[in-house]
Amino acid sequence: MKDLMYKIMLTCKQATFYSSIKSFKKLSFVQSIQLKLHLMMCKSCHEFDHQNKIIDQSLTDFIKNDHLISEESLSEEKKSQIESAVKQHINKK
Amino acid sequence: MFAIQPQTAYLQPVAENKKYACDPSLWVDQFSDEFFRFAIYRVKNREVAEDLVQETFLSGLKSLSNFRRDCPEKSWLYNILRNKIIDHFRKKTNHEIKQSSTVIEADDDSFFSNFFNPGGQWNNEASPENWNISADKILERKEFMEFLILCLSLLPEMWEKVFNLKTIEDLPSKDICKELNITPSNLWTIIHRAKLQLRGCLEKRWLNK
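These protein sequence lines are chains G and A, in that order. As numbered in my numbering, residues 127 to 219 make up the first sequence, in order. As numbered in my numbering, residues -6 to 202 make up the second sequence, in order.
Just chain G, with the same shape it has in the complex:
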């Protein structure tokens, strides 16, 4: 029984490995059970897993386009300033 437990239980190093790669690769059934078990019992790895999610979500948020719903726009003054800078550059060529 003890041997079996050792085989099932992940070390923190293994658990953080599964937690890190799971957004890249679907874990096998056994691996995901092993990870869940470990996270239930290990506070540090539970935090690690949670923070991993925050990091992934923030990175996605940096890339995704939810600014599209915003109403902000460039001031007319700045826009024409940019316009003329662009024109100037095109004409130089």
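Rather than coming from a laboratory, the hints here were simulated on the basis of the structure. Computed from a prediction, not measured in an experiment: that's the story for all the values here. All C-beta atoms, glycine included, are put in the ideal place defined by N, C-alpha and C.
Between beta-carbon pairs, the in silico distance windows are:
1) G:D187 - A:S56: 25 to 33 Å
2) A:I126 - G:F150: 21 to 29 Å
3) A:N110 - G:D187: 33 to 41 Å
4) A:D16 - G:E198: 19 to 27 Å
5) G:F150 - A:N107: 19 to 27 Å
6) G:D187 - A:I175: 21 to 29 Å
7) A:E150 - G:K133: 36 to 44 Å
8) A:D163 - G:Q207: 34 to 42 Å
9) A:N117 - G:Y132: 19 to 27 Å
10) G:E198 - A:I175: 35 to 43 Å
11) G:E197 - A:Q114: 49 to 57 Å
Straight-line alpha carbon distances no greater than 27 Å define the calculated BS3-like cross-link-like pairs of lysine-lysine that follow:
12) G:K152 - A:K154
13) G:K148 - A:K159
14) A:K84 - A:K197
Chain G is already provided as a structure; the job is to place chain A on it using the hints.
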């Protein structure tokens, strides 16, 4: 360097008749408001966002000859804008970057010994603390993103490439391996190490600042 390439090498060359249109004289009209919103949402500062939009168009013009037109000009310009935003965050925190971090390039054994004891359990000083914040709330904290970008830029180049291909290009893992010429198990190790490093860096710099 945490640089997002405006183009990706994995894209096959396209036939002449399949190239996308590109007309810089329409850029300001077509894209400037949208780009401005993208920038201000991230940098939270009007003037900075305006300047970033301008810089994006100007560097687009400068590198126009490198644009292979294998994607719409808008996507290509978006990549430039993202780079500009990242550079902006980087400049803000540049003084910190200089004094970083040699552990990251160490080999696996000595790298992992910074985090885990030989039995595979957390070392006391490396074990994650409770950040005491939910995933939703953290996105409201604008400085978190700055620290995240800073910590990303401290990672080895290989992880930045993995990050770009995964998050920006949304490539499946097997294509990431092909692109970077590494095995899947290399990729998993890179990701594991990067996540450990990134989380530790955030805790040290952002939480305990």
